[in-house]
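If you read the sequences in order, they're chains E and D. Residue numbers for the first sequence, in this note's numbering: 1 to 181. Residue numbers for the second sequence, in this note's numbering: 1 to 145.
For the record, the hints were derived by calculation from the structure and aren't laboratory data. Cβ atoms here follow ideal geometry from the backbone N, Cα and C, with glycine treated the same way. Do not take every clue at face value.
As the list claims (entries may be wrong) - Just so you have them, the derived chain E footprint on chain D, three or more residues with Cβ under 8 Å:
#1 79-92
#2 108-119
#3 126-132
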Amino acid sequence: MILVDLALFAFLIVTAVAIARLRNLFAVAMLAGLFSLLSAGLFVTLDAVDVAFTEAAVGGGVSTIFMLGALALMPREEKPTAHSAILPLLLCLVTGAALVYGTFGMPAFGSPDAPIHKHVAPDYIARAQDETGVPNIVTAVLASYRGYDTLGETTVIFVAAISVLMLLGFSGAADKKKEDE
Amino acid sequence: MHHHLVLRTIARALLPAIFLYALYVQWHGDYGPGGGFQAGVIFAVGFILYALIYGVDALNRVVPPRLFVGLLAIGLFIYAGTGFATLLLGGNFLDYSALAQDPVHGQEWGILIVELGVGITVASAMTLIFLAFAGRTASVADKDW
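Next comes chain E alone, as it looks inside the complex:
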């Protein structure tokens, strides 16, 4: 298991460095999809299959297509930047080191004493099957116990889609006809 984790993290780092170094945006878009797929693999090793599923479908799938769709409207090569990369690199290293230092204070992964497992989670696990009759507790929490949140999320997707359509000037079939004229 540790070998799988190490392999996935090694590939993640290689992909991230390649994304930062490459100037060809087509290659960057494909590698970003690969990055999401590797993250989905990591979520599976953490037993978060619902999250992994979403990451693989959205991050590895449609968002790659959206990036390619945007890329078709843009130049293929990233312009070289004039300023030096030392300061951003230093900032990333310091932030990364602070985050890694923060993980030392976290409870061990899967520890039953972790605060996250002492809050509402035991309550959901005890009640979900009897109250909702839905065996997948993740679905029961998302759709029923946290139904307000999911309604809000669906509204966000709705508003986001409407905004993109307005920004890109989408008006259904009318666009195509204008081009044909």
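Given the structure of chain E, go ahead and fit chain D onto it with the hints provided.
Below, chain D without anything else, positioned relative to chain E:
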């Protein structure tokens, strides 16, 4: 894409499987990983694959873009409407127990219905965003990628 015989043949074989899998993920979310969000994305991927292989015009003939715009709103309406239905039936907003005599049955029904609403909105949103990009893009020759 007319000269890509391999892509067209494979897409024809894959499309029914993709839509069937999307339906499975939609209705099986109660028992396994998945649910409305993932199913909606997979549905959209099916439509997008169709548009990529056979052209956006072909997809527009199968499903008019206006239908996707309508479904985008209908999905959210189904979700919020379930909330108001439970209010009218004497429960709290989105308290599905009010939907049936037996509260557990009500919960099962409510979860299925709102997941369907999520799936419809997500599938329409993803397909429409793709269509909005594709509508602005002049066709890119293979060698230019």
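These are the hints, each one checked on the structure:
no., hint, verdict
1, 79-92, "holds (count 3)"
2, 108-119, "holds (count 7)"
3, 126-132, "holds (count 6)"
Every hint, counting from the list given before, is met by this structure.
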